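Protein chains in written order, with my numbering: chain A, 11 to 225; chain B, 19 to 560.
Hints in this document: simulated from the structure, not taken from any laboratory.
Just so it is clear, the structure is predicted and the values come from calculations on it, not from any experiment.
Even for Gly, the Cβ is constructed at its ideal location relative to N, Cα and C.
Each hint should be verified, as a subset may be incorrect.
[Claimed, not checked] Non-contacting residues of chain A with respect to chain B, defined by C-beta distances greater than 10 Å in every case (computed):
1) I24
2) R88
3) G106
4) Q132
5) G135
6) A145
7) K201
8) P221
[Unchecked claim] Straight-line distance between alpha carbons at most 20 Å, and here's what the computed EDC-like set of lysine to aspartate or glutamate pairs gives:
9) A:K201 with A:E212
10) B:K381 with B:D274
11) B:K491 with B:E477
12) B:K491 with B:E476
13) B:K491 with A:D169
14) B:K491 with B:E480
15) A:K201 with B:E358
16) B:K381 with B:D53
17) A:K201 with B:D357
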Amino acid sequence: MTAHQPPTPPREAITPGGRGRFPGYDVLEQSPTWDDVTAATVLARLRVTGPPRFFTASEEAVARPLLDRLLAQDEEPRIPVFEMVDARLADNQTDGWRHEDLPDDRQAWRRSLAVLDTFAVQERGELFGPLRRDAQLELLEAVRTGDRWQGLPAARIWDLWLRYACTAFYAHPWSWNEIGFGGPAYPRGYKNLGVNRREPWEVADADGSDPLRSP
Amino acid sequence: MSSVRDRNASAWLLPVDGTRDNHALRRDMRRFDDDTEVDIVVVGCGAGGGVLTQRLAHAGWQVVAMDAGPFWDPDRDWVSDEAGSHGLYWTEPRVIGGSDPVPLGANNSGRGVGGSMIHFAGYAPRLHPSDFRMRSDDGVGADWPLTYADLRPYYQQMESELPVAGQSWPWGEPHRYPHSPHPVGADGEVFLRGCQRLGIPARVGPVAITNGRFGNRPHCIYRGFCLQGCKVNAKGSTLITHIPDALAHGAEIRADSMVSRVTLDERGQASGVVYLKDGVERRQRARMVALACYSIETPRLLLNSVCGRFPDGLCNNYNQVGRYVMVQGAAQTAGRFDDEIRMYKAPPPGVSSEAFYETDPSKDYQRGFSIQTVSPLPVTWAEHVAAEGHWGEALREHMRDYIHWVCLGVLCDFLPLPGNRVTLADETDRHGLPVAHFSYSQCDNDRLLMAAGQRAMEEVLEAAGAAHTVTIKRYAHLVGGCRMATDERDGVVDRDLRTFAVPNLFITDGSVLPTQGSANPALTIMALAARAAERLGAKARR
């Protein structure tokens, strides 16, 4: 097994929007220990760029802010979630199944984006994209808590959006820096199993506060 | 060990140079012409088809085993990465419905040689003796036309061939495992601690993961990516546990071959299969046919194999094909700890308890559940956080807390119901074949079980010191759809997995299970296929 030599990897402990609890932790520093096939797959995510191959320009104008709001990606550096979802749909890398009351994932994306614009115009008199961030958040919360939404099953649309958004975001090594995940582990594996045990390269949680505990 | 190697030398046929695939064995594989009438064509190379292929090839049969997916090479094809493992799943179009629709794809159906075992966690428990007589003892579900004792020797064979690692098992019929238990990760440590404080027995294992060298297979390296295909060759799947020996005994594995229908001759006997390879429709002649495409695709293939004698689908003359498909209620409950857990380290399959497996007369439900560590990686963990209703800033904040959580899963013994069924949808796939529609609805007993399972996990995690718990309701595994029965009015195959309707057509996959228990199904599917192969071999010996 030859060690992989990634092309000038950014060794900067980047996290999306600069958020995180593991100061200085950069999973990409481990990339020379990854097998070649895995390294190629993961590092390609650092180079995802447009232009879109699946979404049309008007769909992009809805999908981009939608995905940013779903993942609170309000500041740079951003994980290119829009580009990753676009590529996945363009390549038809869907899970295949569909609910009997929804079209397949690709059509469900197109329809739901169009409907989100219609909804925004109806509720706010403007397309979704140009709306202020707080107005967008309010509209999305209405979708999440709705039952039927503009003729679509709201919960299933919400699930579709969030599933694609999270699969892209948490596949990207910058998000692993943010949450302290160890990333690929072949052929290295792990040596230190057990509560409060770390590998030499893992970084301790600098915050440790419980988001569910009332302040 | 010598008896294992004599029966199945797969582990000794794998390379020792650090690569994971015996390229010479594949290159020199015997290849049959379509026009050669082979002894048997096996459709699907997963848990059931892989074992059947190995057993019959080993006995000298001419076997062609087809799979719609690829002949995987772990070095070249698999990655140590969640999103990059999408190709391991069956992602052809399917339609789901019913009051509790079951998402397919990523979680519960495989693709390629090794089948779902490529991405199964690795848990390999047996069913309990009670699972075989539920109708008689508990008044629900069905009785099997087999007993536990009929399957016991095949369970033992499979446990030694996988091999399975774990502590001595106190539940069902108590038994031991060939490999000693693995060290546990923090998730397993917490689970054991919670169980101990409550007086609930729990055990390490049983997992189909080598603990020590086995043939040429190395020790597990505890990298945590069992569900993404084991690049180490430590976790068993038929790709490495049975196919190498099948190749060495002259079987042909014909990958990337999508079987579209089973053909019958004028006497009503199966005469082979029609399949699509590289966009061309071909036909393989065979003296016998065995289907092992699992609970959705086996019924679909039968329903797509219409002919004059079976206008409603092959073997569907008693309206049984596709019925009684089961999924296990598989809620997952996670607990939050101030300690750093890092559940991504060590194999997700670690520790189990079957303390709640059997019917408890003091409860208002029949049957029970098992509890296991599941330890999702980040993409899957995000589903748990999203299921709590979190999104945006809250989702990010809860995800940043990932390393503090321990996640357990239940497997609830959901009951077989006739309306939970695979039928054909109106739409067709890229080959022009009608796709499967899978309708699923729970019954009251199912809902009570799932709630009880969730409560048990919450109690264990709280006893271990969790500050809070969260639960996602989901399903795992698929079985049933062409169930085994004593009589053709109640099922599709007999106890030897021979279809009632066509005497030289067999079904050797999870679709034959009449009930599912609270056990992960792979080991039982393999044991059933091994038994069917032995019965076939015995009968063919004239």
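Verification of the hints:
no.: 1; hint: I24; result: holds, 15 Å
no.: 2; hint: R88; result: holds, 13 Å
no.: 3; hint: G106; result: violated, 4 Å
no.: 4; hint: Q132; result: holds, 22 Å
no.: 5; hint: G135; result: holds, 24 Å
no.: 6; hint: A145; result: holds, 14 Å
no.: 7; hint: K201; result: violated, 8 Å
no.: 8; hint: P221; result: violated, 5 Å
no.: 9; hint: A:K201 with A:E212; result: holds, 12 Å
no.: 10; hint: B:K381 with B:D274; result: violated, 49 Å
no.: 11; hint: B:K491 with B:E477; result: holds, 17 Å
no.: 12; hint: B:K491 with B:E476; result: holds, 14 Å
no.: 13; hint: B:K491 with A:D169; result: holds, 14 Å
no.: 14; hint: B:K491 with B:E480; result: holds, 19 Å
no.: 15; hint: A:K201 with B:E358; result: holds, 16 Å
no.: 16; hint: B:K381 with B:D53; result: violated, 59 Å
no.: 17; hint: A:K201 with B:D357; result: holds, 18 Å
The earlier numbered hints that this structure contradicts are 3, 7, 8, 10, 16.
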